[in-house]
Every structure is written in C-alpha cells, then in structure tokens.
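Visitor: Starting from the known structure of chain A, arrange chain B on it as the hints suggest.
Chain by chain, the residues:
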Amino acid sequence: MMVLEGLEVKGEEGSNMEIDIKEKNDNELTCIVEDVDVSFINAIRRICTVEVSTMAIDTVSIFKNDSTLFDEVLAHRLGLVPLKTDLEAFVLPSECDCEDECPSCSVSLVLKEKGPRVVYSGDLVSAHEAVTPVYDSIPLLKLKEGEEVELEAIAKLGTGLEHAKWQPTTACAYKYYPLITIDDSCEECMKCVNECPRNVLEYDESENKIIIADIENCSACKTCMNNCEQSAINVDAVENKFIFKIETDGSLSPEEVLKNACDILNNKSEKIVAFCKEGAKK
Amino acid sequence: MIPVRCISCGKVISAFFDEYKKRVEDGENPKEVLDDLGINKYCCRRMLITHVEAW
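Order-wise, the sequence lines are chains A and B. With our numbering applied, the first sequence covers 1 to 282. With our numbering applied, the second sequence covers 283 to 337.
The hints are simulated quantities; they were obtained by calculation from the structure and are not laboratory data. Among the clues, some could well be false.
[What the hints assert, rightly or not] Here are the simulated EDC-like cross-link-like pairs (lysine to aspartate or glutamate), alpha carbons at most 20 Å apart as the crow flies:
{"no.": "1", "chain 1": "A", "residue 1": "Lys142", "chain 2": "B", "residue 2": "Asp300"}
{"no.": "2", "chain 1": "B", "residue 1": "Lys323", "chain 2": "A", "residue 2": "Glu216"}
{"no.": "3", "chain 1": "B", "residue 1": "Lys323", "chain 2": "A", "residue 2": "Asp214"}
{"no.": "4", "chain 1": "A", "residue 1": "Lys245", "chain 2": "B", "residue 2": "Glu335"}
{"no.": "5", "chain 1": "A", "residue 1": "Lys24", "chain 2": "B", "residue 2": "Glu310"}
{"no.": "6", "chain 1": "A", "residue 1": "Lys142", "chain 2": "B", "residue 2": "Glu301"}
{"no.": "7", "chain 1": "B", "residue 1": "Lys303", "chain 2": "A", "residue 2": "Asp136"}
{"no.": "8", "chain 1": "A", "residue 1": "Lys142", "chain 2": "A", "residue 2": "Glu113"}
{"no.": "9", "chain 1": "A", "residue 1": "Lys144", "chain 2": "B", "residue 2": "Glu335"}
{"no.": "10", "chain 1": "B", "residue 1": "Lys304", "chain 2": "A", "residue 2": "Asp136"}
{"no.": "11", "chain 1": "B", "residue 1": "Lys323", "chain 2": "A", "residue 2": "Glu34"}
{"no.": "12", "chain 1": "B", "residue 1": "Lys323", "chain 2": "A", "residue 2": "Glu23"}
{"no.": "13", "chain 1": "A", "residue 1": "Lys24", "chain 2": "A", "residue 2": "Asp37"}
{"no.": "14", "chain 1": "A", "residue 1": "Lys144", "chain 2": "B", "residue 2": "Asp300"}
{"no.": "15", "chain 1": "B", "residue 1": "Lys323", "chain 2": "A", "residue 2": "Glu113"}
{"no.": "16", "chain 1": "A", "residue 1": "Lys142", "chain 2": "B", "residue 2": "Glu335"}
[Claimed, not checked] Partial selection, computed: residues in chain A whose CB lies under 10 Å from chain B:
{"no.": "17", "residue": "Asp136"}
{"no.": "18", "residue": "Leu140"}
{"no.": "19", "residue": "Ala171"}
{"no.": "20", "residue": "Ala274"}
As the structure is a computational prediction, the values presented were derived from the model and not from experiment. Where a beta carbon is used, it is the ideal one built from N, C-alpha and C, also for glycine.
Looking at chain A on its own, in the form it has when it is part of the complex (with noise of 0.2 Å):
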C-alpha cells in the first residue's frame, strides 16, 4: 500500500489481521478474519455489495413480443440473468468518452425465438464471446405455436447503488466469531444439546460432560443459555474475530468481488491521503 509508505501503524486494531479460508467453492467463499474491528470489515462488505461493478443488461429493444408476458416483465427478467463478466474489457458508461454506446462500455445480446418452446437464458446470442450468462437454463418466457419473439438487450457496466440487478453479490455478511462457556455447575441435563437448533453442542460419554462440537456454526440465539437451569452455560462473542462469507451470483468469483473492493477502499484513502497533503503545503 502506497498510502502506508513510511508511516508507522500505531495502537493494537489492524496490525496483525489474519484471514483463514475455512471454505471455498466457486461461488461462495466463506473465511475467518482476525483482529480488525467492526467498521473496516463493514466497509468491506458494504463496498463489495454497492460498489463493485457487474454486467447486467440495462435497456431493451423489443421488435416482437407474442408471448403472454409483457415487454416490461420481460425486460425485467432479463435484467436479473447475470452476465460473466470481465471488469478489465469494459469500462463504467459514466467514464466512457462516447456519447451514447459503444463496444468498450456496452455488449448487444439479440433473442429471436418461435414458438411453441420455453426460450432459456441460453437463446441469448452474445455479440462479446466473454459476456454470456451465467446459466444458460433460466426460463425468461414461453412461446405458444405461432408466437415470436424478437429483441435486442444491451448489457452494460453498473453499480449496486443504482440497482440490485448490478450486484456481484447476493449473500455478502460476517458475523461475530462465537464463544461459548461452560463452567462447573453444569449438570449435563442434556436440555442445551437437546435445545440447540444447529446441533453446535454434543454430549462426551467418556469424559461425562457437554463438549463445543461445531462452534463456527453458532448462530448466537441464546436458546441454550435460556434453557440451562443452572445458568452453567454462557454465549458471547470473541472481539475482533469474524465469520465473513460471500456468495456471488456468478458474474465474478469471490476473489475478484473481495479485491475490486479493497482496490476501491484503497482508491478512496489515497484522495484523502492526498488532499491532506495539498492542504498542509497551503
């Protein structure tokens, strides 16, 4: 970090972060991240789902449409089909130096169907062999015999602020890492174990008494903290420890949404870091 040069991090939040993948597939991402505080993993999650771009189509031509559906809902549908997308090939329209389209910020996919069939999201001919959807088995309408369907929709670059549809992510949250006690009044009546709807609690035979099974899945409801007589057992939370997880729609990979967010939080800092300077030579 550019911004860090030559400055010393003081106080104890932030220097030593740590992140643990705990699980990873190709659309979701869970991990574990170590001393940071609320606010800087907030940011990251709240610029992941607003601020990191996606494709997703934006305006739509329709020459022909038979289907019973109307051409709103229609364009609405095909809206929320999201697009693979290559945030390197295509810029933000709001940055690009055409006046209305061109190839560097927009792609045209073209539908043109006849009835009778289901038309999928994979009838969408691309014009960018990069921005296909995602899935090609979404229905976006049904046909009956002699009915057409003809029309033009041109995707483009756009941000979560101005509309869901331009999400890379659907869930994107941490949550605290659990801390669960259990101190020596405890009588082993089994009701926490019995009561705990994640089954986070078990019951050692051997050693007679209740054991911490799966403490990542911890929702933190209280449910066996209210159930114990002997207020034996206790639920609280580890301090600057989270549980973050990201599930994209499959637009971009959890990777790219989580280092397009921290370059954007980095772009930020730097005009601060920037404007200060400016302001101390004035």
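Guide: Same frame as chain A, now just chain B:
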C-alpha cells in the same frame, strides 16, 4: 413463470427449477433435491417449494 432470483437474497434459483420439478415429479424427496442442487438458505428453498407454474 418462476421469478428469476430469490426475492429475499437475490440468488439465481430459476436456473434450477426445471431440474427440481422433474426430479420431484419422478418421486425424489424435495429436501434431498434441494440439498443436492446447493440451494441451502431457507429463503431460496421456499421459492422452489412454493412455486406453482400457472401457465
């Protein structure tokens, strides 16, 4: 027509509807089909379970 995305969280669920419908009609347990398709959140699961294809 089934909504393209889950109304609550935005996950694309319509892409799995044809397979879900076919497998349930063939006698599979809806719970197992949903687990197999990777539809884990209850907001997304209700989208498929409660949908009635009217036309």
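Visitor: Give a verdict on every hint.
Guide: Right, here's what the structure says about each hint:
1. Lys142(A) x Asp300(B): With a Cα-Cα distance of about 13 Å, the restraint between Lys142(A) and Asp300(B) holds, given a limit of 20 Å.
2. Lys323(B) x Glu216(A): The hint holds at about 17 Å.
3. Lys323(B) x Asp214(A): 19 Å, holds
4. Lys245(A) x Glu335(B): 33 Å, violated
5. Lys24(A) x Glu310(B): 28 Å, violated
6. Lys142(A) x Glu301(B): Holds: Lys142(A) and Glu301(B) sit about 17 Å apart, inside 20 Å.
7. Lys303(B) x Asp136(A): 17 Å, holds
8. Lys142(A) x Glu113(A): 10 Å, holds
9. Lys144(A) x Glu335(B): 15 Å, holds
10. Lys304(B) x Asp136(A): Distance of about 17 Å is within 20 Å: holds.
11. Lys323(B) x Glu34(A): 26 Å, violated
12. Lys323(B) x Glu23(A): Given that 20 Å is the threshold and the Cα spacing comes to 16 Å, the pair holds.
13. Lys24(A) x Asp37(A): With Cα atoms ~24 Å apart, Lys24(A) and Asp37(A) exceed 20 Å; violated.
14. Lys144(A) x Asp300(B): 18 Å, holds
15. Lys323(B) x Glu113(A): Distance ~34 Å between Lys323(B) and Glu113(A) Cα, so the pair is violated.
16. Lys142(A) x Glu335(B): 12 Å, holds
17. Asp136: 8 Å, holds
18. Leu140: Holds. Min distance 8 Å.
19. Ala171: 5 Å, holds
20. Ala274: For Ala274(A), the interface hint is violated, since the closest Cβ of chain B sits about 36 Å away, which is over 10 Å.
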